[in-house]
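These protein sequence lines are chains A and B, in that order.
Under the numbering used here, the residue at position 101 of the first sequence is numbered 101, and the numbers go up by one with no gaps.
Under the numbering used here, the residue at position 23 of the second sequence is numbered 23, and the numbers go up by one with no gaps.
Incorrect hints may have been included.
Intra- or inter-copy, both count: the list cannot distinguish identical chains.
In silico SDA-like pairs for lysine to any residue, Cα to Cα no more than 20 angstroms straight-line [to be verified]:
{"id": "1", "residue 1": "Lys58", "residue 2": "His375"}
{"id": "2", "residue 1": "Lys230", "residue 2": "Phe4"}
{"id": "3", "residue 1": "Lys56", "residue 2": "Ala44"}
{"id": "4", "residue 1": "Lys58", "residue 2": "Ala44"}
{"id": "5", "residue 1": "Lys56", "residue 2": "Ser25"}
{"id": "6", "residue 1": "Lys56", "residue 2": "Asn37"}
{"id": "7", "residue 1": "Lys84", "residue 2": "Tyr291"}
Since the hints were derived computationally from the structure, they do not count as laboratory data.
Please read all numbers here as calculations on a predicted model, not as lab measurements.
Number of protein chains: 2
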Amino acid sequence: MVRFANSVESMRRSEIRDLMKSASSPGLITFAGGMPNNDLFPIAEIDEIYRGLSLKTKQEGFQYCPTPGYPPLIQSVKQYLREKGFPVDTNELIITTGSLQAIYLLAKVLLNPGDRVVCEYPSFIGAIAAFNSFQARMDTISLDDDGPVMEELEAAFRRTPAPKLLYLTPYFHNPAGIIYSQARKKAVIEFLKDQDVVYLEDNPYGEIYFTEQALELTRPIKVITADAEKICYTGSFSKILGPGMRLGYLLAPPEILAKCELAKQSVDACSATFTQVLAHEFLVQNKLQAYLEFIRPIYARRLKSMLHTLEQSMPSGVSWTKPAGGFYVWVKLPEHLDATKVLKESVQNGAVFVIGQTFDPEARRNNCFRLAFSHVPEDKIEPGIEIIARAVKKFM
Amino acid sequence: MVRFANSVESMRRSEIRDLMKSASSPGLITFAGGMPNNDLFPIAEIDEIYRGLSLKTKQEGFQYCPTPGYPPLIQSVKQYLREKGFPVDTNELIITTGSLQAIYLLAKVLLNPGDRVVCEYPSFIGAIAAFNSFQARMDTISLDDDGPVMEELEAAFRRTPAPKLLYLTPYFHNPAGIIYSQARKKAVIEFLKDQDVVYLEDNPYGEIYFTEQALELTRPIKVITADAEKICYTGSFSKILGPGMRLGYLLAPPEILAKCELAKQSVDACSATFTQVLAHEFLVQNKLQAYLEFIRPIYARRLKSMLHTLEQSMPSGVSWTKPAGGFYVWVKLPEHLDATKVLKESVQNGAVFVIGQTFDPEARRNNCFRLAFSHVPEDKIEPGIEIIARAVKKFM
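Could you build all of it, start to finish, from the sequences and the hints given here?
Right, here's the structure in full:
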C-alpha cells in the first residue's frame with residue numbers, strides 16, 4: 001500500500017474531466033464546458049505570427065526561459081497592464097501556466113494546513129482545488145447581484161485565527177456571472193484598508209464585456225488601490241487567445257512575487273516558451289483589440305439567446321443572473337430542490353450543465369447550477385435550455 | 001509583513017536564474033546552462049508540422065485538454081514507450097509540464113513535512129527544489145563510476161522512519177554524467193524488491209547515447225521490473241524536441257497516477273495543448289529517430305573536444321567522469337578545494353560553470369563542479385576549459 005501525503009485526503013476530484021467527456025458525447029447539448037468556442041480562436045492571426053517569426057526567435061521558443069517568463073512577454077504584458085493603470089513599476093510580474101497556477105503558487109507560499117482562506121460562494125473550481133490541496137479551511141461569503149454580502153465578509157474576518165488570504169473574482173464571475181457594482185467594490189476596498197490579509201483579485205473575463213456600462217465596472221481593485229501593499233492580481237490569456245496556450249500572469253508586490261517565483265522553480269521551472277513567444281507577438285502586433293472587438297458581440301448574442309430562452313421556458317420560482325460579460329449564467333432553484341436530480345433528468349433528455357455543489361468551497365449547497373453559453377453551438381442554445389427547463393419543471 | 005507558509009523557509013533559491021543571466025553575458029564562455037543547443041532544435045521539422053495541421057487540430061491546440069494530456073499524445077507516447085518494452089498497459093500515463101512537474105506532483109502526493117527522500121549526491125537541481133518545497137528530509141547516497149554506492153543505499157534504508165521515496169537518475173546523470181553499470185543496476189533492482197518505497201526513475205537523457213555499448217545500458221529499471229508495484233518513471237521532451245515545449249510525462253501504477261492527476265488539477269489543470277499537438281505530430285510522423293541520429297554525433301563530438309582539453313590542461317589530482325551520453329562532465333577537485341574559489345577566478349577570466357554545492361541535496365559538499373558541453377558554442381569549448389584549468393591550477 002502506498003502511504004500518501006495527508007494533503008491527498010483534502011484533494012477533491014473536480015468533475016472537469018468527466019464533464020469534458022460528457023461534453024464530447026455525440027448528441028448531448030453541453031452547457032458544461034467553461035471554455036471559449038473552438039470556432040472563435042484567432043487561428044489566422046497566429047498562423048500569420050508563426051510565419052513571420054525569425055529563426056532566432058523560434059530557437060528561443062524551443063528553449064527554456066527564465067522562471068518569471070520570456071522577457072519580451074513580461075514587457076508586453078506590463079505595457080498592456082500599464083495602459084490600464086496598473087502599478088507595474090512598483091510591483092513585479094511573473095508569467096504562469098494559466099492563471100490557475102498563479103492562484104496555486106500564491107496558495108503554496110502562504111498556506112499552512114488549517115490556515116483560513118476567505119472566498120466567495122460560488123467560487124472558481126480551480127481555486128477551490130488549489131486551496132484544498134494545501135489543506136486550507138475555506139470560509140465562504142455569499143454573492144448577491146452587486147457582489148459579496150458585506151456583513152458576511154466582515155463576520156468572516158472577525159473569526160479567529162485571522163484569514164491569510166482573501167480570494168475574489170469581481171468581474172463576470174465564474175460561475176455566478178455577476179460583476180461587482182461600484183458601491184460594493186468601494187465597500188470592499190474600504191474594508192480591505194483595515195485588514196492584514198493578502199488579497200488576490202482574479203480577473204480572467206474582464207475583457208469580455210458586452211456593454212459600455214459594464215466596461216466601466218471592470219476597473220480592477222488593484223488599479224484603484226495602486227499603492228496597497230498586499231494586493232495581488234492575476235489575469236489570463238485563456239479567454240483572449242486560448243486556454244491551450246496555458247498562459248496567465250501574476251502581478252504582485254515584490255516580496256510576495258519573489259516567493260512565488262521560488263515556488264515556481266520547483267513546480268515547472270518556467271511556462272512554455274513557445275506559446276509565450278506567440279502571445280508576445282499577439283500583443284505587440286496589436287492583434288488583441290481587434291480580436292476582442294470580434295468576439296464580444298458573438299458572445300453577447302449567445303448570452304441574449306440563452307436569457308431569452310430561459311425567460312420563455314423556466315417556471316416561476318427559478319431565477320438566474322443577467323450577466324453583462326463573461327461566459328456564464330447562474331441559475332437558482334428553490335432551496336429544497338437538488339440540482340443533481342435536475343441534471344440527471346436533463347442528461348437523459350440530451351442536455352448537460354454543472355451543478356452548484358461543484359462551486360461550493362464547502363461542497364454542500366446544491367440548489368444552483370451553471371450554464372456556460374460560450375462553448376455550445378449557438379443553434380443548440382434554445383433547444384438545450386428547453387430540455388433543462390422541462391427537467392426543472394418536473395421537480396417543481 | 002506577509003506571513004508566509006512554513007514551507008517557504010525550506011525553499012532554496014536555485015541559481016538557475018543567475019546562471020541564465022551570466023550565460024548571456026557577452027564575452028563569457030558558459031558551461032553552466034544544462035540545456036540543448038539553440039542551433040540544434042528541429043525547427044524545420046516543426047515548421048513542416050505546423051504547416052500541415054488541419055484547422056480542427058489547430059482549434060484543439062488552442063483549447064484546454066483533459067488533465068492527463070492531449071489524448072492523441074498520450075497514445076503516441078504510450079506507443080513510443082511500448083516499443084521500448086514499458087508496461088504501458090498495466091500503468092497509466094500523464095503528460096506533465098516538463099518532467100520536473102512529474103517529480104513535483106509525485107512529491108506533492110507522497111510527502112508530509114519531515115518525510116524522508118533518498119536521492120543521489122549529486123542530484124538534479126529541480127528535484128532538490130521540489131523535495132525542499134514540501135519540507136522533505138533528503139538522505140543522499142554517493143555515486144561512483146558504476147552507480148550508487150550500495151552500502152550507502154542500504155544504510156539509508158536502515159534508518160527510521162522509512163523513506164517514502166527513492167529518486168534516481170541512472171542514465172547519463174545530471175550532473176554526474178555517469179550511467180549505471182549492468183551489475184549495479186541489477187543490485188539496485190534486487191535491493192528494491194525488499195523495500196516498501198515508491199521509486200521514481202528519472203530519465204531525461206536516455207536517448208542521447210553516444211555508443212552502442214551505452215545504448216545497452218539505457219534499458220530502464222521500469223522496463224526490467226515491469227510488474228513491480230511502486231515503480232514510477234518520468235521522461236521528457238526537453239532533450240528530444242525542446243525544453244520550451246514544457247512537456248514531460250509520468251508513467252506510474254494507476255493508484256499513484258490517479259493521485260498525481262488530482263494534484264495536477266490544482267496546479268495547472270493541463271499542460272499546454274498547443275505544444276502537445278506539435279509533439280504528437282513529431283512522434284507519429286516518425287521525425288524523432290532521424291532527429292536523434294542527427295544530434296547524437298554532434299553532442300558526442302562536443303564531449304570529445306571537452307574531454308580532450310581536460311586531459312591536456314587539468315593538473316594531476318583533478319578527476320572527471322567520461323560520459324557515454326547526455327550533456328555533462330562532472331569534475332572532482334581535491335577534497336580541500338572549494339569550487340566557488342575556482343568559479344570566481346574562472347569568471348574573471350571569462351568562463352563559467354556550476355559549482356557542486358548546487359547539486360548537493362544537503363547544500364554542503366563543494367569540491368566538484370559541472371561542465372555542460374551541450375549549450376556552449378563548439379569552438380569555445382577548448383579555450384573555455386583552458387581558462388577553467390588555469391583557475392584550478394592557481395589553487396592546487
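Comparing the hints with the structure gives:
Taking the shortest alpha-carbon separations for Lys58 and His375, only the inter-copy value of 16 angstroms comes in at or below 20 angstroms, while the best intra-copy value is 32 angstroms. In the homo-oligomer, the alpha carbons of Lys230 and Phe4 lie at most 20 angstroms apart only across protomers (12 angstroms), although the nearest pairing inside one protomer, at 34 angstroms, exceeds that limit. Taking CA atoms no more than 20 angstroms apart as the test, Lys56 paired with Ala44 passes between copies only; the shortest distance there is 13 angstroms, against 22 angstroms inside one copy. In the homo-oligomer, the alpha carbons of Lys58 and Ala44 lie at most 20 angstroms apart both inside one protomer (18 angstroms) and across protomers (10 angstroms), since each shortest distance falls under that limit.
Taking CA atoms no more than 20 angstroms apart as the test, Lys56 paired with Ser25 passes between copies only; the shortest distance there is 17 angstroms, against 43 angstroms inside one copy. In the homo-oligomer, the alpha carbons of Lys56 and Asn37 lie at most 20 angstroms apart only across protomers (12 angstroms), although the nearest pairing inside one protomer, at 33 angstroms, exceeds that limit. For the identical chains of this complex, Lys84 and Tyr291 are intra-copy neighbours only, at 18 angstroms inside a copy versus 45 angstroms across copies, given an alpha-carbon limit of 20 angstroms.
Every hint from the earlier list agrees with this structure, and none is contradicted.
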